[in-house]
Amino acid sequence: MKAAVTVFPGSNCDRDMAVALRAAGADVAMVWHREDRLPEGTDLVAVPGGFSFGDYLRCGAIAARSPIAAAVRRHAERGGYVLGVCNGFQILLEMGLLPGALMRNAGLRFVCRTVSLTVEGESDFTRGYARQQRIRLPVAHHDGNYFADAERSTGWRERGASPSAMPRRSTVRHAASRASCRPIAASSGSCRILNGQPILPSATRTGRRFSAG
Numbered sequence: 001m002k003a004a005v006t007v008f009p010g011s012n013c014d015r016d017m018a019v020a021l022r023a024a025g026a027d028v029a030m031v032w033h034r035e036d037r038l039p040e041g042t043d044l045v046a047v048p049g050g051f052s053f054g055d056y057l058r059c060g061a062i063a064a065r066s067p068i069a070a071a072v073r074r075h076a077e078r079g080g081y082v083l084g085v086c087n088g089f090q091i092l093l094e095m096g097l098l099p100g101a102l103m104r105n106a107g108l109r110f111v112c113r114t115v116s117l118t119v120e121g122e123s124d125f126t127r128g129y130a131r132q133q134r135i136r137l138p139v140a141h142h143d144g145n146y147f148a149d150a151e152r153s154t155g156w157r158e159r160g161a162s163p164s165a166m167p168r169r170s171t172v173r174h175a176a177s178r179a180s181c182r183p184i185a186a187s188s189g190s191c192r193i194l195n196g197q198p199i200l201p202s203a204t205r206t207g208r209r210f211s212a213g
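Position 115 (the sequence shown) corresponds to 115 in UniProt numbering; numbering is contiguous.
A couple of the hints might just be wrong.
Derived CB-CB ranges, DEER-like [stated by the list, open to error]: (1) S116 - E40: 15 to 23 Å; (2) G107 - G41: 25 to 33 Å; (3) M103 - E35: 26 to 34 Å; (4) P39 - R127: 21 to 29 Å.
For the record, the hints were derived by calculation from the structure and aren't laboratory data. Bear in mind the structure is a predicted one, so any value in this text is a computation, not a measurement. Just so it is clear, CB atoms sit at the ideal spot from N, CA and C, and this is done for glycine as well.
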């Protein structure tokens, strides 16, 4: 598998992502945000965590308008795999590749801790886990409160999307999900999988199964 890891000013988990993907057997290329195309033959685009462009305007807002973002969007519309982790999840939301938005955490504080999750959905990103398996992964964010209105949530599920990992005993919401590209694509084609999560799977052995999926 050929993977491309996007790198923005302020990214700080791009190397962690590359290490996890290489450990899973991927051939990894680091792609600077000013590039307007992905390496030939890219199967998976991984958008890593960090504080892209210092989180100015909104988390991920400026990165979503970088030249490489257009290439990521084209890759998704062609049916390619896209993985967004932490700030990468925020960037995918700002790009419109995932529905909804991230708001300030419920307590209006930066959260850095390990949370318990249960694997509920099935996707290529979670096939390394058993259904209903309990896992623990770290979170570190200030804007991790995921919200989508009823209309968006209903349409999301009607297209076959379902949360593949949801938190237990946590005041912050997280999502790892599949979503169709149809809302943002004029053509009839849709991406196979878009996966977004504000958690940090590459930081733990358990979480690296996301990469190995």
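Evaluation of the provided hints:
1. Remark: the range hint 15 to 23 Å for S116 to E40 is contradicted by a beta-carbon distance near 41 Å.
2. The hinted range of 25 to 33 Å is not satisfied by G107 and G41, whose Cβ atoms lie roughly 44 Å apart.
3. Evaluation of the 26 to 34 Å hint for M103 and E35 yields a pass: the beta carbon distance comes to about 31 Å.
4. Judged by the Cβ atoms, the range 21 to 29 Å given for P39 and R127 holds: they are separated by roughly 25 Å.
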